[in-house]
Every structure is written in C-alpha cells, then in structure tokens.
Amino acid sequence: AQSVTQLDSQVPVFEEAPVELRCNYSSSVSVYLFWYVQYPNQGLQLLLKYLSGSTLVKGINGFEAEFNKSQTSFHLRKPSVHISDTAEYFCAVRNQAGTALIFGKGTTLSVSS
Amino acid sequence: GAGVSQTPSNKVTEKGKYVELRCDPISGHTALYWYRQSLGQGPEFLIYFQGTGAADDSGLPNDRFFAVRPEGSVSTLKIQRTERGDSAVYLCASSQTSGATYEQYFGPGTRLTVT
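Residue numbers (the numbering used here), protein chains in the order written: chain A, 320 to 432; chain B, 1059 to 1173.
Hints were generated in silico from the structure; no laboratory data involved.
Derived SDA-like pairs (lysine to any residue); straight-line CA-CA distance at most 25 Å:
| # | chain 1 | residue 1 | chain 2 | residue 2 |
| --- | --- | --- | --- | --- |
| 1 | B | LYS1136 | B | PHE1124 |
| 2 | A | LYS424 | B | LEU1097 |
| 3 | A | LYS388 | A | SER322 |
| 4 | A | LYS368 | B | ALA1113 |
| 5 | A | LYS377 | B | GLN1154 |
| 6 | A | LYS368 | B | PRO1166 |
| 7 | B | LYS1069 | B | PRO1128 |
| 8 | B | LYS1075 | B | THR1173 |
| 9 | A | LYS424 | B | PRO1166 |
| 10 | B | LYS1069 | A | GLN361 |
| 11 | A | LYS424 | B | TYR1160 |
| 12 | A | LYS388 | A | GLY378 |
| 13 | B | LYS1136 | B | VAL1126 |
| 14 | A | LYS368 | B | SER1085 |
| 15 | B | LYS1069 | A | GLU407 |
| 16 | A | LYS368 | B | GLY1061 |
The following label-pair restraints were derived from C-beta to C-beta distances:
| # | chain 1 | residue 1 | chain 2 | residue 2 | range |
| --- | --- | --- | --- | --- | --- |
| 17 | A | SER322 | B | TYR1076 | 31 to 37 Å |
| 18 | B | ASP1115 | A | ALA336 | 43 to 49 Å |
| 19 | A | LYS388 | B | ALA1113 | 27 to 33 Å |
| 20 | A | SER349 | B | ALA1113 | 17 to 23 Å |
| 21 | A | SER347 | B | VAL1070 | 38 to 44 Å |
| 22 | A | PRO359 | B | VAL1070 | 19 to 25 Å |
| 23 | A | GLY372 | B | GLY1143 | 40 to 46 Å |
| 24 | B | ASP1121 | A | ALA320 | 21 to 27 Å |
| 25 | B | GLY1061 | A | ASN387 | 28 to 34 Å |
| 26 | A | PHE333 | B | GLU1161 | 29 to 35 Å |
Just so you know, even glycine gets a beta-carbon here, dropped at the ideal spot from N, CA and C.
Based on the provided sequences and hints, a complete structural model is requested.
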C-alpha cells in the first residue's frame, strides 16, 4: 500500500533563506507524487507534480522538487523564501487504484523577518 | 472562473444529529472527491465519483457516512447519528477527468463540529 511520510512537522526559517521540506514515500507500483500548499483559511493548491520524465520538477511560486527513486524521496525546495510562503505544505502520492491521493501529515513552514 | 465551492463553511451540530455537506465542483469536471482533514493531519480520502456513480468508496469510515451525486455535478456528503469523532474539516475536490494524476482542485472545506 502507498504511504507518505513528511519528516518535519514544523520548519521555521528567516526570509530570503533557502528551505527544504522533506517527503519520503512508499509505493509498490508506478509512483505519481504531488506537493500541495494550504494557506490559512484557504483550500489546497497544487504546487507541482511528478508523473514521469525528468526527476527535477518545477512548480509555482519558485518551488521545485526532486524525485529520487533510490531514496524514495520527493523533497520540496525553494532557494529564497518570502513571508508570503508561510503555510502548510502537504506531500501526496496517488493510490494504487488511481482514484485518490494519499497525503502526509503536513509541514508547517513559518517564515519570519 | 469559479472554483470549487462548499456549503456551509461551518456547521455545528449536536451528537446524534444528521448533517448534509454540499459541494459544487468546477463546471465540466467529471471527477469529484471527498476528503476529511482532522486537526494536525493531512486530508484522508473518503469517496470518489466519476460522473454520477461512486467509483471508489473505500475511504468511508462506516455506514453512517454516505454521499450522492445524482446529476453528475453537485455532491452531498451525508452523515447520520453524528459522533464527536466526526469533527473535522471536510474537503471536496474535482478534476477534469478520472484518475488522480489529473490536478484536483480543492474547495475551502466545511468545518464540522459535533458537540
């Protein structure tokens, strides 16, 4: 069965610093991976997704993620964060049936000045 | 265009009562999903509709939970005999076609509180 583990529940960083949010997955079939962001009082918004092809995926708002099959990881990175990046970030994997997403518990990114 | 909308945004009910939560997907989206997000957790899958039919309801926790999508557009999640453990944010999402590889657009959620 598929699962996702987000290794950090909270990540505090200063503005303009780089950040990495870690995600490990478990899957016995072809892997489709996603990162979503949830701003306060808003719905989940897709940041980026990996379906196949290049292992480096670029998303919105300057975020990128790298699919690493040998380490079963899909870490999210941004070279320089802004205050406005403060939000909850979720890593997700498609389930085996292809009917739903399985989410991690989320990582709270807090950016301060 | 309009995104996924959910009503009500907040619902407070007493233990044992019946509630209905509504989801209006993006126009033209054939796939619709319900998830439940408890405090401090990621969303958990409940049910997936392709058109009018429930293609996967394996995430529904028990038979008190039921969902319909009679015309292939609006969906209603129904919870009977609510329990305090049902308190959570219920999220609805839709996508252009079937399969979770297509981007799912999420609504803002309905916060259900069972007292």
